[in-house]
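A.B. asks: Just so you know, the sequences run in chain order U and X.
For what it's worth, our numbering labels the leading residue of the first sequence as 1, then goes sequentially.
For what it's worth, our numbering labels the leading residue of the second sequence as 1, then goes sequentially.
Treat the hints with care, since some could be wrong.
Straight-line alpha carbon distances no greater than 35 Å define the calculated DSBU-like cross-link-like pairs of lysine-lysine that follow [claimed, not checked]: (1) Lys124/U - Lys10/U; (2) Lys344/X - Lys200/X; (3) Lys46/X - Lys102/U; (4) Lys124/U - Lys432/X; (5) Lys110/U - Lys344/X; (6) Lys153/U - Lys432/X; (7) Lys137/U - Lys171/X.
Just so you have them, the derived chain X footprint on chain U, three or more residues with Cβ under 8 Å [unchecked claim]: (8) 105 to 113; (9) 128 to 141; (10) 195 to 202.
In short, the hints are calculated from the structure, not lab data.
We treat Cβ as the ideally placed atom computed from N, Cα and C, and that holds for glycine.
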Amino acid sequence: MLEIRNLVVKIADEDKQILNGLNLTVNDGEVAAIMGPNGSGKSTLSYVIAGKEDYEVLDGEILLNGENVLEMEADARAAAGIFLAFQYPLEIPGVATMTFLKAAMNAQRKARGEDELLTPDFIKQVNAAADKLGIAKDMLRRPLNVGFSGGEKKRMEILQMALLSPSMCILDETDSGLDIDALRIVAEGVNALRAKNRGFLVITHYQRLLDHIVPDTVHVMSQGKIVRTGGKELALELEKSGYASYGEAA
Amino acid sequence: MAIVTPLKTAAEQQLAQQYADAKAELPGGPAVRKLREDAFAGFEAKGLPHRRLESWRYTDLRALLREARPLATGPGALDAARAKLAELALDATVVTLVDGAFVPELSSLESLPEGLSVQTLADALVSGREDLTRVLAGPSVAADDSGLMLNAALMRDGSFVEIDAGVALDKPIAIVRLFSGENEISVYGRSVVLVGDGAKATVVEINACLGQAPQQLNVALVIEAGSETEIEHIRLVTDQSEGSVGVFSLLATVGAHAKFDSFALVCNAATVRQQHFVRYAGEHTEVGLRGVNLLGGTEHSDVTLIVDHEVPHGTSRELFKSIIGGEGTGVFQGKVIVRQHAQKTDGGMKSNALLLNDGASMFNKPELEIFADDVVCGHGATVAQIDGEQLFYLMARGLPRAQAEALVLQAFAGEAAEFIADENMRALVMSKVEAWLAARETASQVSDV
Numbered sequence: 001m002l003e004i005r006n007l008v009v010k011i012a013d014e015d016k017q018i019l020n021g022l023n024l025t026v027n028d029g030e031v032a033a034i035m036g037p038n039g040s041g042k043s044t045l046s047y048v049i050a051g052k053e054d055y056e057v058l059d060g061e062i063l064l065n066g067e068n069v070l071e072m073e074a075d076a077r078a079a080a081g082i083f084l085a086f087q088y089p090l091e092i093p094g095v096a097t098m099t100f101l102k103a104a105m106n107a108q109r110k111a112r113g114e115d116e117l118l119t120p121d122f123i124k125q126v127n128a129a130a131d132k133l134g135i136a137k138d139m140l141r142r143p144l145n146v147g148f149s150g151g152e153k154k155r156m157e158i159l160q161m162a163l164l165s166p167s168m169c170i171l172d173e174t175d176s177g178l179d180i181d182a183l184r185i186v187a188e189g190v191n192a193l194r195a196k197n198r199g200f201l202v203i204t205h206y207q208r209l210l211d212h213i214v215p216d217t218v219h220v221m222s223q224g225k226i227v228r229t230g231g232k233e234l235a236l237e238l239e240k241s242g243y244a245s246y247g248e249a250a
Numbered sequence: 001m002a003i004v005t006p007l008k009t010a011a012e013q014q015l016a017q018q019y020a021d022a023k024a025e026l027p028g029g030p031a032v033r034k035l036r037e038d039a040f041a042g043f044e045a046k047g048l049p050h051r052r053l054e055s056w057r058y059t060d061l062r063a064l065l066r067e068a069r070p071l072a073t074g075p076g077a078l079d080a081a082r083a084k085l086a087e088l089a090l091d092a093t094v095v096t097l098v099d100g101a102f103v104p105e106l107s108s109l110e111s112l113p114e115g116l117s118v119q120t121l122a123d124a125l126v127s128g129r130e131d132l133t134r135v136l137a138g139p140s141v142a143a144d145d146s147g148l149m150l151n152a153a154l155m156r157d158g159s160f161v162e163i164d165a166g167v168a169l170d171k172p173i174a175i176v177r178l179f180s181g182e183n184e185i186s187v188y189g190r191s192v193v194l195v196g197d198g199a200k201a202t203v204v205e206i207n208a209c210l211g212q213a214p215q216q217l218n219v220a221l222v223i224e225a226g227s228e229t230e231i232e233h234i235r236l237v238t239d240q241s242e243g244s245v246g247v248f249s250l251l252a253t254v255g256a257h258a259k260f261d262s263f264a265l266v267c268n269a270a271t272v273r274q275q276h277f278v279r280y281a282g283e284h285t286e287v288g289l290r291g292v293n294l295l296g297g298t299e300h301s302d303v304t305l306i307v308d309h310e311v312p313h314g315t316s317r318e319l320f321k322s323i324i325g326g327e328g329t330g331v332f333q334g335k336v337i338v339r340q341h342a343q344k345t346d347g348g349m350k351s352n353a354l355l356l357n358d359g360a361s362m363f364n365k366p367e368l369e370i371f372a373d374d375v376v377c378g379h380g381a382t383v384a385q386i387d388g389e390q391l392f393y394l395m396a397r398g399l400p401r402a403q404a405e406a407l408v409l410q411a412f413a414g415e416a417a418e419f420i421a422d423e424n425m426r427a428l429v430m431s432k433v434e435a436w437l438a439a440r441e442t443a444s445q446v447s448d449v
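Could you put together the complete structure from these sequences and hints?
C.D. replies: Rendered as structure tokens:
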């Protein structure tokens with residue numbers, strides 16, 4: 001369970017405050033969507049949860065299963081179960097995708113005091129997960145995300161999510177840059193990972209993604225706060241009315 | 001009118017004395033003796049290279065050599081050398097030089113493949129062969145370097161390798177220069193590789209110090225490759241004892257329709273000056289010069305190269321990657337000369353450096369001297385920090401910071417190392433890179449505690 005209490009955050013090197021006392025709870029097994037206009041602080045929220053350094057937390061706490069993660073570095077948060085699917089996955093030239101996947105899986109296992117994966121088991125797991133997402137073997141041999149299309153990068157994010165088996169998944173604008181077919185594949189990948197002991201926080205501008213990943217709750221974010229919470233029908237309402245009534249230009 | 005007498009430093013005076021004492025017993029017939037005399041006269045006129053010379057601006061050898069250490073007289077530390085060779089486990093034809101002297105029992109010359117001959121430089125110098133003076137001189141752009149003049153005057157030994165025309169060697173030729181590091185000495189050596197038309201070979205040059213005493217090294221490798229040759233040169237300058245100063249020169253002349261690639265790794269290396277001089281002796285030839293420099297502490301690595309496109313239709317690529325921590329200093333000076341009739345030259349030069357902390361520095365100086373009007377030439381130089389976005393991405397997947405950094409740095413170095421065609425050598429280079437990064441990772445964990 002993810003609980004965010006009165007979170008106040010500014011950009012580290014500037015006076016610009018982005019999150020202004022944000023409260024949010026995502027229960028195990030719940031899929032929560034956050035919608036909101038550009039500049040409302042959605043991506044900042046995802047980065048702050050994952051542990052990016054460019055921000056300064058002025059107040060509040062982020063609890064994962066009761067434990068405050070704000071003191072942890074990004075890698076410790078990942079090992080504790082937080083996974084951020086990036087809006088723009090980074091290209092890492094020179095690092096083969098398989099090398100990266102193995103390093104990530106083993107680093108998390110090590111942090112949890114588990115033995116390293118044996119190579120045959122690792123390859124079996126990757127192949128099985130890659131097949132489900134329609135990821136070609138050739139892609140796994142290439143340097144991580146280098147020369148991947150937008151859709152391939154997003155599928156690679158979901159592959160990592162499947163392999164790392166986190167308890168709290170944050171999807172930051174996962175639908176951006178995806179055509180309809182790619183969106184369907186990615187959404188199916190996410191839906192397959194829905195589980196009783198796993199929460200999802202799906203950040204998006206558009207209703208479209210939520211047709212495929214149907215949320216349990218929808219939160220509207222504006223000016224660094226959650227300003228309204230409802231069921232999945234709230235997303236449809238927003239699609240019609242826009243964000244104008246929440247005090248910001250759409 | 002004042003008479004200007006150049007003041008000699010203590011080291012320059014000692015060098016003059018060393019040359020005077022040694023010249024009678026340095027190997028070589030009359031032609032070689034004249035070559036030494038001319039070279040030393042040239043050196044005396046110029047003195048040790050210093051920072052007021054553009055090509056030595058960042059590595060002031062005159063200031064670095066306070067004193068000229070005694071000339072090495074013979075190989076020391078043979079047991080340590082044997083152990084080092086066992087550790088390297090090279091699958092190659094090995095020529096071992098310890099403190100500059102050829103050591104037959106540590107070399108594998110008993111059953112050379114057909115078309116390959118190897119002798120010592122000392123033997124070649126006394127052989128009286130007619131082409132010796134020309135071969136030893138290398139490209140003309142190297143002619144006024146006083147570091148090389150000193151090397152020519154004092155060179156004692158090395159290897160002299162000949163590969164017959166049309167021969168494709170299965171195994172690399174490895175010139176392994178080990179320095180005992182038992183005493184503070186200086187070593188002047190030169191090796192030559194002559195490659196006949198159409199021959200293919202990999203030439204490996206390993207330079208490592210075995211002990212702790214500071215060394216003054218001035219060694220050169222001359223490669224003269226005929227037309228339609230394919231040569232890969234791989235140089236490792238590693239494990240130089242603290243306080244050592246090393247000048248490593250490469251003098252390459254490449255014929256027509258040939259391919260010449262060179263890669264140099266510098267790590268754990270005190271003060272190192274590499275200078276590459278490459279001349280195109282024929283058209284339609286491709287040259288690639290690449291390297292990785294890994295620096296920490298107060299280490300200093302200077303890569304200075306002159307690529308001389310003397311003829312049309314030449315292609316050159318340079319790519320150097322530097323990772324600099326501590327108070328390390330990296331230098332890249334690349335000069336590509338395109339002569340007036342060298343039309344259709346295609347040149348591309350890149351130097352990328354990552355600085356790991358505030359005390360590290362990098363000097364990049366790419367230069368193009370283009371006299372032809374129908375060429376494609378470009379250069380790029382960057383100095384940056386590790387990309388924080390890449391680092392966050394890897395950490396968000398669970399990689400601890402040090403491991404994430406090591407992965408990014410390994411990939412950065414790998415972009416140059418991946419050009420090494422010889423798989424064993426590529427693996428050896430990458431294992432050195434990984435070991436260097438692992439040592440850094442361990443050090444950072446210790447300092448975190």
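A.B. asks: Does each hint fit the structure? Answer for all of them.
C.D. replies: Do the hints match the structure? See the list:
1. Lys124/U - Lys10/U: 43 Å, violated
2. Lys344/X - Lys200/X: 26 Å, holds
3. Lys46/X - Lys102/U: Status violated; Cα separation ~57 Å.
4. Lys124/U - Lys432/X: Judged against 35 Å, a Cα distance of about 31 Å means the pair holds.
5. Lys110/U - Lys344/X: Violated, at roughly 56 Å.
6. Lys153/U - Lys432/X: 32 Å, holds
7. Lys137/U - Lys171/X: 34 Å, holds
8. 105 to 113: Since three or more residues must qualify, the claim that chain X covers the segment 105 to 113 of chain U holds, with 4 doing so at under 8 Å.
9. 128 to 141: Coverage by chain X is violated for the segment 128 to 141 of chain U (0 residues, Cβ < 8 Å).
10. 195 to 202: Coverage by chain X is violated for the segment 195 to 202 of chain U (0 residues, Cβ < 8 Å).
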